[in-house]
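Here the protein sequences come in this chain order: X and Y. Per UniProt numbering: the first sequence = residues 1 to 291. Per UniProt numbering: the second sequence = residues 1 to 256.
Quick caveat, the hints were computed from the structure, so don't treat them as lab data. From a predicted model like this one, the values you see are computed outputs, not experimental measurements. One thing to keep in mind: the hints can contain errors.
Here are the computed distance ranges between Cβ atoms for each label pair [as the list claims (entries may be wrong)]:
#: 1; chain 1: X; residue 1: Val149; chain 2: Y; residue 2: Arg186; range: 47 to 53 angstroms
#: 2; chain 1: X; residue 1: Val126; chain 2: Y; residue 2: Phe111; range: 40 to 46 angstroms
#: 3; chain 1: Y; residue 1: Asp17; chain 2: X; residue 2: Tyr95; range: 20 to 26 angstroms
#: 4; chain 1: Y; residue 1: Glu133; chain 2: X; residue 2: Asn283; range: 51 to 57 angstroms
#: 5; chain 1: Y; residue 1: Gly171; chain 2: X; residue 2: Ala109; range: 33 to 39 angstroms
#: 6; chain 1: Y; residue 1: Glu132; chain 2: X; residue 2: Lys93; range: 38 to 44 angstroms
#: 7; chain 1: Y; residue 1: Ser206; chain 2: X; residue 2: Asn283; range: 43 to 49 angstroms
#: 8; chain 1: Y; residue 1: Asp173; chain 2: X; residue 2: Tyr95; range: 32 to 38 angstroms
The C-beta atom is built at its ideal place from N, Cα and C for all residues, glycine as well.
Spelled out, the chains give:
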Amino acid sequence: MISAIFDYEFLQNAFASGLIIGLIAPALGLFIVVRRLALIADALSHVALAGIAGSLFLSQNVTTLAALNPLYLGIGSSVAGSLLIDRLREVYKSYEELAIPIIMSGGIALGAIFISLAQGFSTDLVGYLFGSVSAVGREDLYTIMAIAVITLIFIVLTYKELFSLSFDPEYSRAQGISSRALNIWFMIVTALVVAGSMRIVGILLVSSLMTVPVAAAMQIAKGFRQAMFYAVIFGELSVLGGLVAAFYLNLAPGGTIVVISIMILLLVLGGKKLAASRSAVRNEEVGTGEL
Amino acid sequence: MTEPLIELEDVSYRYGDTAALEHIFLTVEQGEFWAVIGPNGSGKSTLIKLILGLIKPLSGQIRLFGRDASDFREKEKIGYVSQKSNAFNRAFPATVREVVRSGLVKKTGLFRRFPADADEKVDSALAAVGMEEFADRSIGDLSGGQQQRVFIARALISKPELLVLDEPTVGIDRKHMQSFYNMLGRLNREKGIAIVLVTHDVDTVSELVTHVACVNRSIHFHGPHEEYSRQESRIRSEWYGHAVRRVHHGKKAADA
Numbered sequence: 001m002i003s004a005i006f007d008y009e010f011l012q013n014a015f016a017s018g019l020i021i022g023l024i025a026p027a028l029g030l031f032i033v034v035r036r037l038a039l040i041a042d043a044l045s046h047v048a049l050a051g052i053a054g055s056l057f058l059s060q061n062v063t064t065l066a067a068l069n070p071l072y073l074g075i076g077s078s079v080a081g082s083l084l085i086d087r088l089r090e091v092y093k094s095y096e097e098l099a100i101p102i103i104m105s106g107g108i109a110l111g112a113i114f115i116s117l118a119q120g121f122s123t124d125l126v127g128y129l130f131g132s133v134s135a136v137g138r139e140d141l142y143t144i145m146a147i148a149v150i151t152l153i154f155i156v157l158t159y160k161e162l163f164s165l166s167f168d169p170e171y172s173r174a175q176g177i178s179s180r181a182l183n184i185w186f187m188i189v190t191a192l193v194v195a196g197s198m199r200i201v202g203i204l205l206v207s208s209l210m211t212v213p214v215a216a217a218m219q220i221a222k223g224f225r226q227a228m229f230y231a232v233i234f235g236e237l238s239v240l241g242g243l244v245a246a247f248y249l250n251l252a253p254g255g256t257i258v259v260i261s262i263m264i265l266l267l268v269l270g271g272k273k274l275a276a277s278r279s280a281v282r283n284e285e286v287g288t289g290e291l
Numbered sequence: 001m002t003e004p005l006i007e008l009e010d011v012s013y014r015y016g017d018t019a020a021l022e023h024i025f026l027t028v029e030q031g032e033f034w035a036v037i038g039p040n041g042s043g044k045s046t047l048i049k050l051i052l053g054l055i056k057p058l059s060g061q062i063r064l065f066g067r068d069a070s071d072f073r074e075k076e077k078i079g080y081v082s083q084k085s086n087a088f089n090r091a092f093p094a095t096v097r098e099v100v101r102s103g104l105v106k107k108t109g110l111f112r113r114f115p116a117d118a119d120e121k122v123d124s125a126l127a128a129v130g131m132e133e134f135a136d137r138s139i140g141d142l143s144g145g146q147q148q149r150v151f152i153a154r155a156l157i158s159k160p161e162l163l164v165l166d167e168p169t170v171g172i173d174r175k176h177m178q179s180f181y182n183m184l185g186r187l188n189r190e191k192g193i194a195i196v197l198v199t200h201d202v203d204t205v206s207e208l209v210t211h212v213a214c215v216n217r218s219i220h221f222h223g224p225h226e227e228y229s230r231q232e233s234r235i236r237s238e239w240y241g242h243a244v245r246r247v248h249h250g251k252k253a254a255d256a
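Model the full structure from these sequences, guided by the hints.
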């Protein structure tokens, strides 16, 4: 495998992209999970589907756009979707979650229309739905790198504000932290990460890479920084393991990555339970059990 | 002469068609300890939100530290402890240190890292509320009373001159409540921090406070604590329409 990476450019692209999204998806995902926005990643990925399908349709029918990389329209529609969700959440202030099904179904609906117009599923499209080891091009890799740079700068520069807003929104507002601008940027960056990750994990499974490693990390982390550290470790393990398995077994990497991340979650849950029962037994033996 | 910390002049606020507060006058000076009391739904929390600038008054003027509230930028001078701090998600992955440090966010400024002495500041804020040993524990593992002390530390870390607390003892048992209030009294006396405390437990805090404001849409009484004690039965009968002795407000408010 290692030597194959040096030999084949497509493997280099896939593994480099995978390593990058294994870092940024769980890191941003931690904020998404603690702010209870997990479904938004899902909605945005389905809006990206509309962009991808639309782009594939256009490249079939408009000769000047034949070489257009579908990733760009995917990113564009995902970002547009994030701004729409933000607007809808303002309009339906007391029913904020309503924005998600509206945008999600809108994305799928547009995607369905473009897919039928393009006369059904192409192998390209299946690659976007479930991820692909072989289809990641150099251009995709560079785009993902650019997204990673934007995401990491955003997280580093606004880490303390994002933490405060996630933990206690009212207190943050009383402190004078302007949540509105930060929320819009947060949504845009989320849309970018969603669009960047779908090349590897696929549209249908993007949100799991942002949530499952975080769910496992939150089980064992004492603090926020630690949770982010574990989430990234679990994310990288899932992506690397998933890509290797997908390559050798000729499977869609989205599936293998997510299955591995869920296995890690189960291991963490099991390990935690085991540790708890062990310490209970120890306490009983020594007679220091808590009352 | 220094400026009052809070000045409300003929302030009114309404939610839709419902008047929440009408013609409120209130002045809080340095070092004072105010108890704001009143039945449920009397507008106490609205009053706090107005002071904090979370909502804007419909009419009237609010001045903070001598400046118009809408121009007031030095938010770190006001430490805030909300009732909701009690109701945060216990599974939130954060250490006590991380939570207390977030009290420095605004002072530090956007795009900047926390100052190098942030950790020392966290330690001394935690020491002020007797929680220094808990710095590296997870916030969700603490009891309600301990969590509320942590939130006081978060408010204290920016060295405020005024602490505003909105029913901070909701969900804390009676035993810990008293020591919590005593700690507030110490902060007031020893550090000279002015305190505005919205509370139901007027009896528990009566030894500590210097002033009392009774709110029920308008302010029925505000003044020094001794005077409140003298007029207590009159004030309370005005609220509830009949004479009530020292009772728990929460229950009685429903039939007021």
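Evaluation of the provided hints:
For X:Val149 paired with Y:Arg186, a C-beta distance near 50 angstroms keeps the hint of 47 to 53 angstroms intact. Between X:Val126 and Y:Phe111, the C-beta spacing of about 42 angstroms keeps the proposed range 40 to 46 angstroms intact. The supplied range of 20 to 26 angstroms is met by Y:Asp17 and X:Tyr95, whose beta-carbon atoms lie about 22 angstroms from each other. In this structure the hint that Y:Glu133 and X:Asn283 lie 51 to 57 angstroms apart at CB is violated, the actual value being about 21 angstroms.
A hinted range of 33 to 39 angstroms for the beta carbons of Y:Gly171 and X:Ala109 is inconsistent with their spacing of about 46 angstroms. At roughly 41 angstroms, the beta-carbon separation of Y:Glu132 and X:Lys93 lies within the given 38 to 44 angstroms, and the hint holds. Taking the beta carbon of each, Y:Ser206 and X:Asn283 are about 44 angstroms apart, inside 43 to 49 angstroms as hinted. Range check, Y:Asp173 to X:Tyr95: Cβ separation about 36 angstroms, and the 32 to 38 angstroms hint holds.
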